[in-house]
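Asker: Single-letter residue listing:
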Amino acid sequence: MSGRADAATVPKTDTESEVVLSCRDLSVEFRMDRGTSRVLNGLDIDIERNEIIGVVGESGSGKSMFASALLDAVVEPGVTSGEITYRPSEGESVDVLDLSDDRLRQLRWEEISMVFQGALSSFNPTLKLRGHFVETLEAHDYDVEAGLERTRELLSDLYLDPDRVLDSYPHELSGGMKQRALIALSLVLEPEVLVMDEPTAALDLLMQRSIVSLLSDLRDKYDLTMVFITHDLPLVTKLADRIGVLYAFELAEVGSTEEILSDPKHPYTRALLNSTPDIDSPLEEMRPIEGAAPDPVNVPSGCPYHERCPMATEDCATIKPDMEAASATHDVACHHWERVDDEIDLTTEVDR
Amino acid sequence: MSERTESLHAIDDGEAFEAVSDTTMSREERYRRLFDRLILAPGRIVWDDLRARIGASIILLYVLVGLFGPRLYKAPRVNQGPRSVTPLSEGLAYPLGTDNLGRDILAQLIHATPSMLQMITAGGLFVTIMGVTVGTTAGYAGGRTDRVLSLITDIVMTIPGLPLIVILAALLAPQNPIVTGLILTVNVWAGLAREIRSQVLSISRHSYVEASKAMGLSTPTIIVKDILPNIMPYVLITFVNAARQVIFASIGLYFLGVLPYDSVVNWGVMIDQAVSGGAMHVVSMAHWLIAPLATITLLSFGLILFSQGTDRMFNPRVRARHSTTTGSDDEPTDDDAAATTGGVVR
Amino acid sequence: MQRYYLERTLQAVVTVASVMSLAFFLLRLMPGNPADAYRAELIQNNPQMTQAEIDYRVERKLNVLPDAPLHEQYLNYVTGLLSGDLGESINEGVPVSEIIAEALPWTIFTMSIALLISFAIGISLGAVMAYKEGSYFDSGASVVSILFNSIPNYIIGILLIWFLGYQFELFPTGGRYSTEMEPTVGLLEPIQTLAFLGDALWHAALLILSYAIVASGGWALRMRGNSIQVLGEDYLRVARLRGLSERRIATRYVGRNAVLPLYTALLIAIGFALGGSVILEQVFTYPGVGYYMIEGLEARDYPLMMGVFLVMTIAVVLGVYIADLTYGLIDPRAQTRGGEH
Numbered sequence: 001m002s003g004r005a006d007a008a009t010v011p012k013t014d015t016e017s018e019v020v021l022s023c024r025d026l027s028v029e030f031r032m033d034r035g036t037s038r039v040l041n042g043l044d045i046d047i048e049r050n051e052i053i054g055v056v057g058e059s060g061s062g063k064s065m066f067a068s069a070l071l072d073a074v075v076e077p078g079v080t081s082g083e084i085t086y087r088p089s090e091g092e093s094v095d096v097l098d099l100s101d102d103r104l105r106q107l108r109w110e111e112i113s114m115v116f117q118g119a120l121s122s123f124n125p126t127l128k129l130r131g132h133f134v135e136t137l138e139a140h141d142y143d144v145e146a147g148l149e150r151t152r153e154l155l156s157d158l159y160l161d162p163d164r165v166l167d168s169y170p171h172e173l174s175g176g177m178k179q180r181a182l183i184a185l186s187l188v189l190e191p192e193v194l195v196m197d198e199p200t201a202a203l204d205l206l207m208q209r210s211i212v213s214l215l216s217d218l219r220d221k222y223d224l225t226m227v228f229i230t231h232d233l234p235l236v237t238k239l240a241d242r243i244g245v246l247y248a249f250e251l252a253e254v255g256s257t258e259e260i261l262s263d264p265k266h267p268y269t270r271a272l273l274n275s276t277p278d279i280d281s282p283l284e285e286m287r288p289i290e291g292a293a294p295d296p297v298n299v300p301s302g303c304p305y306h307e308r309c310p311m312a313t314e315d316c317a318t319i320k321p322d323m324e325a326a327s328a329t330h331d332v333a334c335h336h337w338e339r340v341d342d343e344i345d346l347t348t349e350v351d352r
Numbered sequence: 001m002s003e004r005t006e007s008l009h010a011i012d013d014g015e016a017f018e019a020v021s022d023t024t025m026s027r028e029e030r031y032r033r034l035f036d037r038l039i040l041a042p043g044r045i046v047w048d049d050l051r052a053r054i055g056a057s058i059i060l061l062y063v064l065v066g067l068f069g070p071r072l073y074k075a076p077r078v079n080q081g082p083r084s085v086t087p088l089s090e091g092l093a094y095p096l097g098t099d100n101l102g103r104d105i106l107a108q109l110i111h112a113t114p115s116m117l118q119m120i121t122a123g124g125l126f127v128t129i130m131g132v133t134v135g136t137t138a139g140y141a142g143g144r145t146d147r148v149l150s151l152i153t154d155i156v157m158t159i160p161g162l163p164l165i166v167i168l169a170a171l172l173a174p175q176n177p178i179v180t181g182l183i184l185t186v187n188v189w190a191g192l193a194r195e196i197r198s199q200v201l202s203i204s205r206h207s208y209v210e211a212s213k214a215m216g217l218s219t220p221t222i223i224v225k226d227i228l229p230n231i232m233p234y235v236l237i238t239f240v241n242a243a244r245q246v247i248f249a250s251i252g253l254y255f256l257g258v259l260p261y262d263s264v265v266n267w268g269v270m271i272d273q274a275v276s277g278g279a280m281h282v283v284s285m286a287h288w289l290i291a292p293l294a295t296i297t298l299l300s301f302g303l304i305l306f307s308q309g310t311d312r313m314f315n316p317r318v319r320a321r322h323s324t325t326t327g328s329d330d331e332p333t334d335d336d337a338a339a340t341t342g343g344v345v346r
Numbered sequence: 001m002q003r004y005y006l007e008r009t010l011q012a013v014v015t016v017a018s019v020m021s022l023a024f025f026l027l028r029l030m031p032g033n034p035a036d037a038y039r040a041e042l043i044q045n046n047p048q049m050t051q052a053e054i055d056y057r058v059e060r061k062l063n064v065l066p067d068a069p070l071h072e073q074y075l076n077y078v079t080g081l082l083s084g085d086l087g088e089s090i091n092e093g094v095p096v097s098e099i100i101a102e103a104l105p106w107t108i109f110t111m112s113i114a115l116l117i118s119f120a121i122g123i124s125l126g127a128v129m130a131y132k133e134g135s136y137f138d139s140g141a142s143v144v145s146i147l148f149n150s151i152p153n154y155i156i157g158i159l160l161i162w163f164l165g166y167q168f169e170l171f172p173t174g175g176r177y178s179t180e181m182e183p184t185v186g187l188l189e190p191i192q193t194l195a196f197l198g199d200a201l202w203h204a205a206l207l208i209l210s211y212a213i214v215a216s217g218g219w220a221l222r223m224r225g226n227s228i229q230v231l232g233e234d235y236l237r238v239a240r241l242r243g244l245s246e247r248r249i250a251t252r253y254v255g256r257n258a259v260l261p262l263y264t265a266l267l268i269a270i271g272f273a274l275g276g277s278v279i280l281e282q283v284f285t286y287p288g289v290g291y292y293m294i295e296g297l298e299a300r301d302y303p304l305m306m307g308v309f310l311v312m313t314i315a316v317v318l319g320v321y322i323a324d325l326t327y328g329l330i331d332p333r334a335q336t337r338g339g340e341h
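Protein chains in written order, with my numbering: chain A, 1 to 352; chain B, 1 to 346; chain C, 1 to 341.
This is chain A alone, in the form it adopts within the complex (with noise of 0.2 Å):
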């Protein structure tokens, strides 16, 4: 359930599940000689436990900030603010910025992981496989020979051979075994929620779409919430059970795959369905959005997207949009999201 906490309440949805990580106002900013440059603009969004999330953005949107703000791992000198709230399935809420380093260094891997884009330089070239898995649970101070059995069992599941992938080199291994080498490592502390930045953007098709179907099949056997980040929309249609779109630093719609599928109530989310090429549709239906993303620096004012936007009026370019509920599972940030049905047409058709 996602929306802008009033003072009040925290609103929940009738399905009842719990929010694992909330974020709010959340802000990431670099101080640079030409100004400040706001990758990040004050997002909010709850995620739900055991569910897994797509975000969705193009390059430059600010997701790769996103996620690495959930594990307060912004590089420096960027300065992340706001709060994320952590509720642990045992255990007391922690707000994932206010933590000690050491507190810090406990929950990053332990209970948060993350598996970056380019697994290809995630390891040490001099380090066999094994070695990376034993460091890191002699680093956490975790029973080391429990820990091989997991990570066995982890290889497995992710249809790798143990003895073969822990006794090797990682140049030995090939794109797609480096990656889901990388996923067991990065679950090899049982870790809670897993943050996945592009981590099939440099496999080939193939391998983009098994792993992809592996990831849902994880979830259910760890117990695993999954944060999805990528620019590549059709890819996590058939994983995620909810989409959020980033645009321009901001969230732009937030809702459930289906809805936002086959009804998306944000502008940029029909223009960027509607430019999704697919093989079968016939080239006049291929439609590239016009105009260029922002500059974090110079982020115009009122709604981000109102300079591209067909829909776009007086009000657009003054006054940000709130987050409104268009249905109990949907949540869109745009002035005119009701009379999008009948401006923009929905041209392609995404399957789940």
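Rather than coming from a laboratory, the hints here were simulated on the basis of the structure.
Just so you know, even glycine gets a beta-carbon here, dropped at the ideal spot from N, CA and C.
Treat the hints with care, since some could be wrong.
These stretches of chain B come out as covered by chain C in the derived footprint (C-beta under 8 Å, 3 or more residues) [to be verified]:
{"#": "1", "segment": "68-75"}
{"#": "2", "segment": "142-150"}
A few chain C positions that, by computed beta-carbon distances, are all more than 10 Å from chain A [claimed, not checked]:
{"#": "3", "residue": "L29"}
{"#": "4", "residue": "A37"}
{"#": "5", "residue": "E41"}
{"#": "6", "residue": "E53"}
{"#": "7", "residue": "S124"}
{"#": "8", "residue": "F148"}
{"#": "9", "residue": "V238"}
{"#": "10", "residue": "D331"}
{"#": "11", "residue": "P332"}
Add chains B and C to chain A, keeping to what the hints say.
Answerer: Structure of chains B and C alone, referenced to chain A:
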């Protein structure tokens, strides 16, 4: 609906293909751009970096002294002044004092510079020409030629330079600074040849070279236009290294008397004469030894500083790390964040 | 992998053969070459000697038969070299191989220590500099490294001898060990051995120091560059997020990966160190092979000079060869790629 029909027409009429590149350049503009890329841009890089700037200034100082010094300042002669005078004790007549034969030390330093510069230039040019020629040929021609040339290059690289130079110096007894310069850098070209060969190999694979080939451009044209501009940084660095070797080796060999110096004025010769003249045992003679020592150190310092400063030409990560002062290209974007700024995380 | 070993071995052999040919060329075929010169000298000074005797002398000294057809001369020369005959020193009258055999261990002694010390100090310094990149420490250390790296090591040697040798008399100014000392290296006489080694080190100290002061700067700068590059790698970031200790990251992640490429540089440094001994050993009057090269030169003793040159080159070729083959042991990536690095 009209939007749709418009775009349909665009595709049918082939309008989409008529879009020409937005910029067309006249010939003059193209040359200006080439000049900018080959000379001004590196110049700007040199000027931007403090180390390169200081290094270049020092080098320039020596070049100027070498070119104009002998004309502006008197030549050293035996007994031109009282013997073993300490610096400045006779006013400005002998600013750095005199040696045990009454020769003005500053005069010696200045008059030794031109031949040193000649040696450096000769050596540098030799290394550059040999290295570029061999490296480009090997990399571009490939096959047998490449194997033979690479073998020769490797052998030359393995032979210890200084002993070979000593033997050549003994056999040839060079007096001419140009010949000396060539001998002193007899093995340096091999390193450059190797680097250039690998550069040529990797550049040749780029599509723009293949395109040139497909268009039927002649080999020399391809080499000059596509390949040479990319190897300039290596040439520069090697030139500086060659210069350094010339200085170090010549000083050392003159000091040891390996290189004959009846008529040659050279800083190394000065050091040898100072040491055998007892400058180390008599404190008042110390200036005789220190003067050439300082001169050599300053020049080498300038050379290394310069080469360190121009290192940035091929190390963009160092630049990106200090991201608050770079232009918009280097700012951490969403996707570049981890890579460019070094992933420094709390 | 076999192919790689074969290639490298072949290359080493060809290199040695080429150097021998080069030596022959310099000795015999260049205008004004030493063989002709020596022969002429003998003829001039010994008018009563027969041609055969003169030829015999030339051959014994230089390993060159003056009158035989060229290819015979070449063959004779090379076979001589391969059997260890480096000719005879014109001045000393003893086989060159004897002189070299006596001097070589000392050069190896000093140069190995110098290489190792400068490498160790330079690497550590460079790593710290990279960690504190941009700080005053980094800038200061960089300037100092550049400064020392831009002074010829023999100049530092002169300065050290000047101050520590002559002025303050802290160190001896020449020789390999004190004249009263008896060289003892044996496990059965530990005390004498230690005393001897200590004395030898004391004599070699300034020489080693001269080399190390200059070379450390170079290693530090190189290590700094490599480390900075590694610090920008993704796996560093992931390692931190995984919660690994800074210490582990510094050694196993940054250190290991930054040092590996320096291995080749270390090989090349062996060549330069050996070559540089030519000047350095003269400054310190330290009778290693470098010293004898110059002694030979001053006395126009070509067999000695050539002998030293050949031995040095072969030593470098050997060193590079061994290191090339062992590179695969330390860099896992090299094993599968057949050792390309």
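Asker: So, for every hint listed, does it hold in this structure?
Answerer: Hint check results:
1. 68-75: violated (count 0)
2. 142-150: violated (count 0)
3. L29: holds (50 Å)
4. A37: Non-interface label on C:A37 holds, nearest chain A Cβ at 56 Å vs cutoff 10 Å.
5. E41: The claim stands: C:E41 keeps its Cβ more than 10 Å from every Cβ of chain A (closest is about 60 Å).
6. E53: Correct as stated: the minimum Cβ-Cβ distance to chain A is 65 Å, above 10 Å.
7. S124: Holds, because the least Cβ-Cβ distance between C:S124 and chain A comes to about 19 Å, which exceeds 10 Å.
8. F148: holds (31 Å)
9. V238: violated (5 Å)
10. D331: violated (7 Å)
11. P332: violated (5 Å)
Violated hints, in rising order: 1, 2, 9, 10, 11; the structure is consistent with all others.
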